[in-house]
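Here is what each chain is made of, one letter per residue.
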Amino acid sequence: MTLPSWTLLAQSILSGLFAGALYGLLGLGLSLSWGMLRQINLAHFALAFLGAYLTYQLSTTLRIDPLVTLVLIVPLFFAIGAGIHAMLTRLRVTAFNSMLVTFGITVMVEALLQWVWTADYRKLESHYSELRLRVGPLFLPAPEMMTLAMGVGLSLATWLVLQRTDIGKALRASAEDASIAAAFGVNQHAMALLLSGFNAALAGVAGVCIALAYTLAPSQIYTWIGVIFACVMLGGLGRPLGPLVAGCLIGVTEALTMTVASPSWAPLVSFALLMVVLLLRPGRI
Amino acid sequence: MSLDRRSFSVALGALGASTLLGSHATAQPAGAPIKVGGTLALTGPLSSVGMVHKLTGEIYVDELNKRGGLLGRPVEWVLKDDQSKPDLTRTLYEQLVNSDKVDLLIGPYGTSAILSAMGVAQRYQKTLVHHTFGVPPLAKYDQQFYAWALGPEPEKTVPAIVFDALAAGNKAPKTIAVVTSKFPSVHFISAGVREVARQRGIREVLFLEWDFGNRDFGPIAGRIKDADPDLIWGGALGLEANQILDALKKIDYAPRSSFWYAPAPGPMLKAPEANNALSLTIFEDHPPFTDNPVAKHFTEVFRERATQANLPTTTVEVQAAASYSAWQIIEAGVNGAKSLDNKAIAAWLRANQVDTIQGRLRFNGPGNFGDDLSRVKQVQDGKWLVVWPREWAAPGAKLR
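So the sequence lines, in the order shown, correspond to chains A and B. Note that my numbering has the first sequence beginning at 677, numbered continuously upward. Note that my numbering has the second sequence beginning at 20, numbered continuously upward.
Extracted from the complex, chain A is given alone in its bound form (with noise of 0.2 angstroms):
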């Protein structure tokens, strides 16, 4: 076996803190979700397919610029989440039959992402995917670069309001004990469904990231949930800045095993991770 160049494991390394930034964009919203509001959402996945494949069509057919569709995609999504909530608060769905429900939902979403844009692949061709930047040998992508500046921006900006805001410390509050956050003002409906709101706006964000550097076909929302939930338990649940760390972990171990080994060999590390957390710390979830 040869051993691998330098400027090979750098180039690796930024690889996988690349896709890490997206797990751990991924991952934040569902980690704020199950923590704070106890739902364990599986729409989330749904949510950011269907925001890449928005992203897509507003930029191939509208010829809008794939960054200014955050502009319609947050606010929309923002809806969309806080009318999940809505729905599953009514329907008084218990955190187990809350991963059961959007499940379905996730489900219906393929089918209609099939429906509109059918199972072909699609990618979008944009300029950004011509631009990099160099440094030395290694190649930092433009997509890939927005993708880590929004992960790791989100993530501390999330991180800040959860700890330094008063809306943040009554999201916390209600996430501790809703009784005793009630008992001092804090609206806990009110706070659920801003928090469901951005959660799914997180989604859509992650769903522009996702059509900026992917591929996209319906059937590859599955793919990312068992990684994307490894980054969550890893991080922590309810902890804004866990799955960042946790999805770069993650990111950088596959792409080094990739590079060192057999790429085949990726998709144990995430889980294998898990495992060896879990066995040494079982109380963290």
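These are calculated hints, taken from the structure and not from any lab test. This structure is a prediction, so every number in the text was calculated from the model and none was measured. One or more hints might be untrue.
As the list claims (entries may be wrong) - A short, non-exhaustive set of chain A residues, derived as facing chain B with CB atoms under 7 angstroms: (1) Q687; (2) A695; (3) P817.
Said to hold, decoys possible - Sample of chain A residues with no beta-carbon within 12 angstroms of chain B, all distances over it, derived: (4) L730; (5) T737; (6) D741; (7) G780; (8) D842; (9) A854; (10) A857; (11) A859; (12) G861; (13) L869; (14) L870; (15) L956.
A virtual CB, placed ideally from N, CA and C, is assigned to each residue, including glycine.
Place chain B on chain A using the hints.
Below, chain B without anything else, positioned relative to chain A:
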């Protein structure tokens, strides 16, 4: 044994002339319809290709009925949606045989689904003609017949054809990187490539495998760039070829030569980084394939109806050609045996040859397989053009 282009064109011309003329002279079919049963991936992840097969079948059955059907009777295609699921395929073929009581069977799309259908066909001793089976050694049933002419040992013949093409174009590789999905029909060929390369003295500088559904091709591209082979052999399915080429472009690496086994043909034409990429085909919509009237007519009708149906691909290539050939085999088998008896049809097919739009097929080899009629095609300025063998090359096209 392979059929030369001249004989193929003459035979198809004669068939085509009689076919096209016959459409005006043949009496309308009458009586109870002959039911041909099958499934396709009309929904699910494989549906984009499934729809190509559906359209091809509809075109063929329409025209067959205009020509008098089979044995003077109209043909009805009983088509069910297997939703891209091999387990559902098995159930649906059971239904086709037991509930719908079809007379004949035609295979579904894809190796896994065909294997499921084959099991059912074998149980009920039905002859099964299939069009997209990628692993010939797995086809053990003696009444199954292929329409995609890969031959019994494509893992040896396909790489040989590709290496011959490169040698003839003065691009014989000294080094090769074999990068492959672990999807069975693709992986099987890639394993053969390694052996054929070794026999021809081509040094393997890289071998990588990934699971089907892999998201990140960055590290794979990095390893390819590090290895810097003369030829990348990509055992890539669907859009994986585009994903790897895109990942290579991002790190500023352009392959000297690349071959992709089963790429999604449309996206390869649209990607600038895929220019000069090679792949495999049995038919392309250009001369000499379209020199015969049957093929030319089919390509025109397909283009028209695919445009109306808003299909992403409106030209006839491998999938549509294999599908059309399957129907031609069924028609030839029934007419040859002058019967709907499945065993008689199978016996006739094994003893005879069938002229199809991809060439003359024989079924008397191991596992009922015949010749490998693969040709090498190349993306040249936004078009797939056959470049090898020379007698099948598009006019003026040469390997770049």
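Each hint, compared with the structure:
1. Q687: holds (5 angstroms)
2. A695: At about 5 angstroms, which falls below the 7 angstroms cut-off, the nearest Cβ of chain B leaves the hint on A695 (chain A) intact, so it holds.
3. P817: holds (5 angstroms)
4. L730: Per Cβ check, L730 (chain A) is outside 12 angstroms of chain B; nearest 19 angstroms; holds.
5. T737: holds (14 angstroms)
6. D741: The claim holds: D741 (chain A) sits with its nearest Cβ about 20 angstroms from chain B, beyond 12 angstroms.
7. G780: holds (17 angstroms)
8. D842: holds (39 angstroms)
9. A854: Given that every Cβ of chain B is farther than 12 angstroms from that of A854 (chain A), nearest at about 38 angstroms, it holds.
10. A857: The claim holds: A857 (chain A) sits with its nearest Cβ about 39 angstroms from chain B, beyond 12 angstroms.
11. A859: holds (46 angstroms)
12. G861: Consistent with the label, G861 (chain A) stays out of reach of chain B, its closest Cβ about 45 angstroms off (over 12 angstroms).
13. L869: Given a closest Cβ separation of 33 angstroms, the condition holds.
14. L870: At about 32 angstroms from chain B, L870 (chain A) clears the 12 angstroms cut-off, so the statement holds.
15. L956: For L956 (chain A), whose nearest Cβ neighbour in chain B is about 27 angstroms away, the distance exceeds 12 angstroms, so it holds.
Hint violations for this structure: none, all hints satisfied.
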